[in-house]
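There are 2 protein chains.
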Amino acid sequence: MDPLSDTFHALADPTRRAILLSLKHGEKSAGDIAKPFAISAPAISRHLKVMEKAGLIDRRRDGQILYCQLRADRLKEATEWLERYAQFWQSSFGRLDRILSTEHPRTDK
Amino acid sequence: MDPLSDTFHALADPTRRAILLSLKHGEKSAGDIAKPFAISAPAISRHLKVMEKAGLIDRRRDGQILYCQLRADRLKEATEWLERYAQFWQSSFGRLDRILSTEHPRTDK
DNA sequence: TAATTAATTAACCATATAGTTAAATATAGT
DNA sequence: ACTATATTTAACTATATGGTTAATTAATTA
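Listed in order, the protein sequences are those of chains A and B. Following the numbering used here, the numbering of the first sequence begins with 387 at its first residue and continues without gaps. Following the numbering used here, the numbering of the second sequence begins with 387 at its first residue and continues without gaps.
Note that these hints are calculated values from the structure, not bench results. Note that the structure is a prediction, hence the values are computed from the model and not measured. Some clues are possibly wrong.
Heads up, the list lumps identical chains together, so a pair's fine if it works in one copy or across two of them.
What the hints assert, rightly or not - The calculated lysine-lysine pairs, modelled on DSBU-like cross-linking and capped at a C-alpha distance of 30 Å, are:
hint, residue 1, residue 2
1, Lys435, Lys462
2, Lys462, Lys439
3, Lys410, Lys462
Using the sequences and the accompanying hints, generate a full structural model.
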């Protein structure tokens, strides 16, 4: 899969989004990450692998502990992709924007 | 699925993202949307259904033509979710932010 | 060395996904 | 009425997903 699809796919799961939020304030071990969730450790382990593949986290082993840390670059890319649509809500005339663009189509790469 | 998961899931496919981009300048019929793609009409039809379920587009039928139009609200919600992480790249000290947050954990709801 | 802890891998299950072709539906035109 | 066009639904295939439990690997502690 292309990187952006990997990123959005990784974000399309509430457990993974909750994990990501839980990493906002610093790195945590896989075990600590798993604690709040009702699912098994292997399930968490696979969520972490999906997130690592998507570039959402880095993993670092220290002894038996595997520390996970939020990684920003792919989140940034996904955000930037979405912000291409910001014109549709940033003005108070979002609906009007769409109507105007329909009636006066412009091209933009 | 919860709405945010639906939205990210709908975005996690390059065909659907291309469709979304193609709607940036106004509504298009399902047939016109399908033209640039090498896949079958039923495949496009299902992509459009996924996008409608996710709230990324509205559909309106006029005779035999089904017009699809970009819809902003869910895109806005997804963008806002992602922007909760903007602190990790907005300063030129993104990396430092993470290090500091690791060493001085704060809570935020 | 034996036992404990942290995490992953393996094997399995049920469901979902993305595509196909063929058939069905619905509107429009002759 | 007949035909053509636009789109969806049905039936099918192959692969991916998200969960489980049991077994495995690796590091720590007694």
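Given a CA cutoff of 30 Å, do lysine 462 and lysine 439 count as a within-copy pair, a between-copy pair, both, or neither?
Classified as both; 16 Å inside a copy, 26 Å across copies.
Under a CA distance limit of 30 Å, which applies to lysine 435 and lysine 462: within one copy, between copies, both, or neither?
So lysine 435 and lysine 462 pass the 30 Å test inside a copy (20 Å) and across (28 Å) alike.
Under a CA distance limit of 30 Å, which applies to lysine 410 and lysine 462: within one copy, between copies, both, or neither?
both (14 Å within a copy, 21 Å between copies)
Violated hints are absent here; each numbered hint is respected by the structure.
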